[in-house]
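Protein chains: 2
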Amino acid sequence: MENITSGVSEIIVIRLTTYLRCLYIAKRKRKNIIKSVEIAKLCGIKSSVVRKDFTQFGAFGIKGKGYEIENLIKKVREILGLNTMKNVALIGVGNLGTALLKYQGFFDANFKFVGAFDLNYQKIGKRVNGIKIYDIKNLKKFIDKNSVEIIILSVPSAAVRSIFKNIDLKKVKGILNFTSAILPCEGKKIYIRNIDLSRELELISFCMKKCLKKEA
Amino acid sequence: MENITSGVSEIIVIRLTTYLRCLYIAKRKRKNIIKSVEIAKLCGIKSSVVRKDFTQFGAFGIKGKGYEIENLIKKVREILGLNTMKNVALIGVGNLGTALLKYQGFFDANFKFVGAFDLNYQKIGKRVNGIKIYDIKNLKKFIDKNSVEIIILSVPSAAVRSIFKNIDLKKVKGILNFTSAILPCEGKKIYIRNIDLSRELELISFCMKKCLKKEA
DNA sequence: AGTTGTGAATCTGTTCACAGCC
DNA sequence: GGCTGTGAACAGATTCACAACT
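From first to last, the protein sequence lines are chains A and B.
For the first sequence, the working numbering begins at 1 and goes up steadily by one.
For the second sequence, the working numbering begins at 1001 and goes up steadily by one.
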């Protein structure tokens, strides 16, 4: 389990997260075994891709039968690192930020909000879904004290630059960036995942016109 | 301009949307010309990729100088289809839905909300950011009458199945899906873009551990 | 009989290096 | 001189076909 994950490309991990959705669906239907063909159909890809992806991490299947769902879920969650708790801080408690604080999925993925931050004095001190909102001035100290590993950025893009002065980038390992800003983390060992609505809209605008080769 | 876009892979279009962000930034700095190396650095990729991507749609650059920013923005917006208005309906006016209705980016991309839908009677009839909330029962008729091309789904995943009975899939060309559900549009000529928070979290969980080969 | 796991072949995307042009 | 545009080489991902196994 040491370097089993090294050399795995992001594209495979993205698919793993999709497979996990399928497995949850299958489990809810009280199935015990699922075939690579079934997973593939649900995801809209070829079954050989599904099989090859899993073999990157070991041989989880039973030849002639398929994959034991409960076991496969366990394995995939292990691979994705979903069994260890991760401390998260949210920055920017607007509409989107509020929606995120209330989102159940964070709990399922073992993400724990330890605090939210904003610069609006009306909001500071209040709680959303039990999570306290702090003054953004205290962010740096907070990250240090509470071993925050992940930051979620849901502020206006224009605010990003000044916020980054307050982040101790040594402790933070991942950023989920909902702004359109390109984050100044070059060269740092931080994994950034950009979720840019504007870009998604532009993409859908183009792709509506033409049916493209691939699906994400 | 007819079949110039056919045969272009999604990955290139995704990068185009990133380039557009860079071009806006450069424009704000009152620059007139930008080099492929500069765009590449901002996006964290090789300059040859940038150049090759643009040549898929024509030769926009000036040899020995670079790309004229204003012109390139115009071209890229044209390619992405951002100059034509698209009618959008939002389904599910929760926290996320509300955030989306207020989001400025839709305006920039020429997306026009013509209506929002919910099943909560407390919400029906009210307005968010000027957009009226209708009873979800009237969705099908509404799509027909108002030539809705794009649907944005921000409902609980469990609600997806029943909603899909109310969508006239012949008219709809694109769906922006914020649920974890795998949408039942197989075989239809609809472009679906999934923005699944749960999956993003799982991905960040894995990638934090290991620095992967690629960035999205 | 039926499905996984996998090497080999194919396809797609990236990098390199430089000719062509301003 | 300097940057774009591009063919050729390379790397990576997907598909195919089937051997291995239950």
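Heads up, a few of these hints could be off.
What the hints assert, rightly or not - Label pairs and their calculated CB-CB ranges:
(1) A:Ala158 - B:Lys1035: 21 to 29 Å
(2) A:Thr84 - B:Lys1029: 41 to 49 Å
(3) A:Asn83 - B:Ser1047: 39 to 47 Å
Claimed, not checked - Covered stretches of chain B, going by a simulated chain A footprint (3 or more residues, C-beta under 8 Å):
(4) 1075-1087
(5) 1093-1100
(6) 1113-1121
In short, the hints are calculated from the structure, not lab data.
Think of the CB as a built atom: it goes at the ideal place given N, C-alpha and C, for glycine as much as any other residue.
Okay, the hints, checked on the actual structure:
no.: 1; hint: A:Ala158 - B:Lys1035: 21 to 29 Å; result: 26 Å, holds
no.: 2; hint: A:Thr84 - B:Lys1029: 41 to 49 Å; result: 42 Å, holds
no.: 3; hint: A:Asn83 - B:Ser1047: 39 to 47 Å; result: 41 Å, holds
no.: 4; hint: 1075-1087; result: holds (count 5)
no.: 5; hint: 1093-1100; result: holds (count 6)
no.: 6; hint: 1113-1121; result: violated (count 0)
Hint compliance for this structure: hint 6 alone is broken.
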